[in-house]
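Peer 1: Sequence:
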Amino acid sequence: SDSDDEDEDKSTDGSNNANAWKVSQLITEYGAPPGPTTAMYDLILDAIAVSTPKSSQPLPLLQTSRSLYLKALERYNLNEKAGFDGIDIATTPTACTFNAVIRAACIETSDDQTRDTAFENTFFAFDAMFHNEIVHRNTATYKYMIDSIRCHLPAGEVRGNIASAMWSKCQVEMVLDLNIIETMQKLSKDGSCGEEFDSWWRQEEAKFAGAKANGFGYKLSFGKNKKIRRFDKRFDVY
1 SDSDDEDEDK STDGSNNANA WKVSQLITEY GAPPGPTTAM YDLILDAIAV
51 STPKSSQPLP LLQTSRSLYL KALERYNLNE KAGFDGIDIA TTPTACTFNA
101 VIRAACIETS DDQTRDTAFE NTFFAFDAMF HNEIVHRNTA TYKYMIDSIR
151 CHLPAGEVRG NIASAMWSKC QVEMVLDLNI IETMQKLSKD GSCGEEFDSW
201 WRQEEAKFAG AKANGFGYKL SFGKNKKIRR FDKRFDVY
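The sequence shown begins at 1 in the working numbering and counts up by one.
Hint data in this document are derived by calculation from the structure and do not stem from the laboratory.
The reader is advised that the hints may include incorrect statements.
[What the hints assert, rightly or not] Computed spacing ranges between beta-carbons, pair by pair:
(1) Gln63 to Ser110: 36 to 44 Å
(2) Ser110 to Glu195: 25 to 33 Å
(3) Gln113 to Lys189: 21 to 29 Å
(4) Phe123 to Ile44: 29 to 37 Å
(5) Val172 to Gly35: 36 to 44 Å
Just so it is clear, CB atoms sit at the ideal spot from N, CA and C, and this is done for glycine as well.
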């Protein structure tokens, strides 16, 4: 009857409203739709970055790091396509999202597949970060990039050329600090990178030895953004 149909429609409407309320509560109280937030992914990526150098089988960890990183960006990319109103702060990537992938790749290994995967992850994350409009490269980015170059490229001109490019780039982006200087010193002591690089680095290093400017010897402008761009201004890990 018409009365029964009306009761059924009301029941359906009530059920739909209840479901809508539940979804709204889940979104409000338990994170961004439709799943994990960037903070959750960052936590796992950081754990992988810390564990990889100590693991006897780092390859699966490197592969997982890449996979989780892609998932972390997937939700943001979907929101970005919806326009400004679709952006959700809970799913927006951070410096840690990218830098943790590069940090995990800073391992020394004799296995070709592990080395290739680590080096690919390094430049994959750096390139994605370079083209991201939200996150900027910071001190940790260049520190881990230079360390990964040291770990995976044999001593020689290629290693020296890439490392010197990173050194110049970090000064342009004004994120130079002692961590990067020490990482470059470690790379230079790990075998010759060609006569041209070795001569150039000796001149660069001499600028910092015993100098008092800024505590480390470099211009203040070279490190202007080193704290501003940190994932957490209290720490320089990411």
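Peer 1: Could you check the hint for me, namely that Ser110 and Glu195 are 25 to 33 Å apart, CB to CB?
Peer 2: 28 Å, holds
Peer 1: Holds or violated: 36 to 44 Å for the Cβ distance of Gln63 and Ser110?
Peer 2: 18 Å, violated
Peer 1: Within 29 to 37 Å or not, the Cβ separation of Phe123 and Ile44?
Peer 2: Because 22 Å falls outside the window, the suggested range is violated.
Peer 1: Kindly confirm whether 36 to 44 Å is satisfied by the beta carbon distance between Val172 and Gly35.
Peer 2: Cβ of Val172 to Cβ of Gly35: about 37 Å, so the range 36 to 44 Å holds.
Peer 1: Tell me if the beta carbons of Gln113 and Lys189 are separated by a distance inside 21 to 29 Å.
Peer 2: 28 Å, holds
In terms of the numbered hints stated before, the structure departs from hints 1, 4, listed from lowest to highest.
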